[in-house]
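Line order of the protein sequences matches chains X and E. Note that the working numbering gives residue 407 to position 407 of the first sequence, counting from 1, and the numbers run on in steps of one. Note that the working numbering gives residue 41 to position 41 of the second sequence, counting from 1, and the numbers run on in steps of one.
Calculated from the structure, these hints are not laboratory results. Heads up, the beta-carbon is just placed ideally off N, CA and C, and yes, glycines get one too. Worth double-checking, as some hints may not be accurate.
Covered stretches of chain E, as calculated for chain X (at least 3 residues, CB under 8 Å) [unchecked claim]:
id, region
1, 14-26
2, 53-59
3, 69-79
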Amino acid sequence: MTPGPSRSRRYLMLFLLFCGFGIILSRLVTLQVLQAAELTARADRQHQKTVSFEGARGMVSDRHGKVLAMNMEVPSVFGVPTSLESPSTVARHLSPVLHIRSDELERKLRQDKSFVWLARKLDPEQGRRLEQLSLDGIGVVMEGRRFYPKGPLLAHVLGFSGMDGQGLEGLERRYDSHLHGEKRVTVLQRDAFGRTVFPKGVAEQAPTPGHALTLTVDEVIQYIAEKELEEAVTRTHAKSGTIIVMEPQSGAILAMAVSPRFDPNVVAALTPDRWRNRALTDTYEPGSTMKIVVGAAALEEKVMTPDSMVFGENGRMVIANTTIHDHDKLGWMTFSEAIQKSSNIGVAKVGMALGEQRLYRYLQVFGFGQRTEIDLPGEVNGLLKTPKDWGRRSLASISIGQEVGVTPLQMVSAVAALANGGVMMKPYVVSEVRDQKGRLLREVLPQVRRRVVSPETARTMTTVLEGVVTNGTGTKAAIPGFRVAGKTGTAQKIDSRTGAYSSTQFVGSFVGYVPAESPRLAMIVILDEPQGESWGGTVAAPVFRQVGEQVLNYLGVSRDDTVKIALAMKDY
Amino acid sequence: MKMLTIVAGVLLVFMFVWERVDVVRVGYQIERLKTQKVLLERERDQLQVKFSALTAPERIAKVATERLGLIPPQQGQVLMVHQQEETPIPVLPPIVQVRLARHDSTVRRNE
Numbered sequence: 001m002t003p004g005p006s007r008s009r010r011y012l013m014l015f016l017l018f019c020g021f022g023i024i025l026s027r028l029v030t031l032q033v034l035q036a037a038e039l040t041a042r043a044d045r046q047h048q049k050t051v052s053f054e055g056a057r058g059m060v061s062d063r064h065g066k067v068l069a070m071n072m073e074v075p076s077v078f079g080v081p082t083s084l085e086s087p088s089t090v091a092r093h094l095s096p097v098l099h100i101r102s103d104e105l106e107r108k109l110r111q112d113k114s115f116v117w118l119a120r121k122l123d124p125e126q127g128r129r130l131e132q133l134s135l136d137g138i139g140v141v142m143e144g145r146r147f148y149p150k151g152p153l154l155a156h157v158l159g160f161s162g163m164d165g166q167g168l169e170g171l172e173r174r175y176d177s178h179l180h181g182e183k184r185v186t187v188l189q190r191d192a193f194g195r196t197v198f199p200k201g202v203a204e205q206a207p208t209p210g211h212a213l214t215l216t217v218d219e220v221i222q223y224i225a226e227k228e229l230e231e232a233v234t235r236t237h238a239k240s241g242t243i244i245v246m247e248p249q250s251g252a253i254l255a256m257a258v259s260p261r262f263d264p265n266v267v268a269a270l271t272p273d274r275w276r277n278r279a280l281t282d283t284y285e286p287g288s289t290m291k292i293v294v295g296a297a298a299l300e301e302k303v304m305t306p307d308s309m310v311f312g313e314n315g316r317m318v319i320a321n322t323t324i325h326d327h328d329k330l331g332w333m334t335f336s337e338a339i340q341k342s343s344n345i346g347v348a349k350v351g352m353a354l355g356e357q358r359l360y361r362y363l364q365v366f367g368f369g370q371r372t373e374i375d376l377p378g379e380v381n382g383l384l385k386t387p388k389d390w391g392r393r394s395l396a397s398i399s400i401g402q403e404v405g406v407t408p409l410q411m412v413s414a415v416a417a418l419a420n421g422g423v424m425m426k427p428y429v430v431s432e433v434r435d436q437k438g439r440l441l442r443e444v445l446p447q448v449r450r451r452v453v454s455p456e457t458a459r460t461m462t463t464v465l466e467g468v469v470t471n472g473t474g475t476k477a478a479i480p481g482f483r484v485a486g487k488t489g490t491a492q493k494i495d496s497r498t499g500a501y502s503s504t505q506f507v508g509s510f511v512g513y514v515p516a517e518s519p520r521l522a523m524i525v526i527l528d529e530p531q532g533e534s535w536g537g538t539v540a541a542p543v544f545r546q547v548g549e550q551v552l553n554y555l556g557v558s559r560d561d562t563v564k565i566a567l568a569m570k571d572y
Numbered sequence: 001m002k003m004l005t006i007v008a009g010v011l012l013v014f015m016f017v018w019e020r021v022d023v024v025r026v027g028y029q030i031e032r033l034k035t036q037k038v039l040l041e042r043e044r045d046q047l048q049v050k051f052s053a054l055t056a057p058e059r060i061a062k063v064a065t066e067r068l069g070l071i072p073p074q075q076g077q078v079l080m081v082h083q084q085e086e087t088p089i090p091v092l093p094p095i096v097q098v099r100l101a102r103h104d105s106t107v108r109r110n111e
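Could you build all of it, start to finish, from the sequences and the hints given here?
Structure, rendered in structure tokens:
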């Protein structure tokens, strides 16, 4: 049998098949091997979309569970410029709903992008109107927005968070690692029409919300403090003001008010100066309130007793070629009277009797020149020079609260230590951290910093400070029915132009605790640059009384005149 | 017998199909409920924000003074009435759980 045309055709067919497969094979090698990486990436870009989901930020509530900050899902609107036929028409429709100029929206919608944010975190009502418009190429997604339902209340402590849910100031920043929700990145598949197809089970993988914080602050006490501070600042035309209310036995902060206030829901137009928590970021020369520390140190070191006599030099004493004045021409007086009458000369002499090293040691023990380590950001050390840097007048000056810079928080902590029988507690604002299911993750217990003076000294000093309110410079701090212990302070500010103490700019303050025999509150009131009469006893002491009286009523603390009745217990 | 097998087979197929259909139906129901849950949670959060804003002490004080004409109590108008301390409740001795083999019940016994 000879090979015929049929055999030739078979070879030809085989050859053609071989060539065909060869072409296919070579194309496959090109696609699958040589261009594999590039083509895979291109396919991923076309079929996959990476989106990040973030769990809701944790809630912040006061000591009674009243909500102070929480997240709520609100609509954000985006555009897909590549799928828009008429960006100008869409922009015209959106403009009145989003309250954004039409030309600005059109500019965004004409960008050569497949996704562009048009407006984020809108009001729910705007979201409903957008849904009614039902515009092609415009989408709405829900995002978590931080709300502070009480407005400016406690704003300086709470701080605020940014557009992407990150803590920027205050507790929001300090506890950001707890508050922020879990972030989860998910790859979504898109179909041939570009529609998003959620992978199976994505709903079950919803990111975990952040932890919830419970504060030591009581919103009612905070409100009382803020209201009275605002009124005082307005009345005295002061530049700013601060009130801190603390529980002496635990160090728990019950209120921390700063004026001027701000609303953390609207911070875009504000400067950092407005949201700075002056209670722990700003220092001031405490003036006469520092005499509490000097007096306690002198009693503890037995340099003085309450009845020790001090000569007031008739109101004028020269030290290191400078003169220290008293507001009255005081002669001989007891140590207690020197404190009660706030005699600069009397207390300067007490300080000199203590000596540089002992005074410096007590200032350190009472926490000056170092942070209190409160759980809030931005706290400063204050200013306390070491004795080697002191001048010839420094011992006397520091004794009367000059040449030393303290924060309001340091001062109230120091005085709260006396209220607590000489034991200084660490101040704190967060008492509990719980997860989204309410399980306790962290409980903050009162923490002792150190003993500053003996219980006897604390008791004696309390009696001396009660005299300030009954007979001394702080009579306007007296609360009927309660024993108040405290001290006034009027400090001259340094004039930035001359570098000398100003005769017109003062800081008026009052720091104390009540009831003196069993303190429930330690409080400081500071008014920066009040106009007109600036004495601490005139401008700050009445605020102490107003806040103290209302808070004690609110807490149900018995007055001396409390009516005690017996109620028959019946079984109903 | 043959007929019975055919009927059983048809029933099995029917049950299988019915089960698949039901799974899809329940799946849709679950999705609907999930969406409803999300919407309800969103509404709850909105109501909570609203409630918190309405119960803010500042607002309550404003309503009390401006709308209702109330004023803060003046000095001497607040009297604390304290109930005398009741007779302290005697402290019970610790409770011990005892399991009885016979009745397999738990009784309380004071030690």
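### Task
Quick one: which hint numbers does this structure break? Sort them smallest to largest.
1
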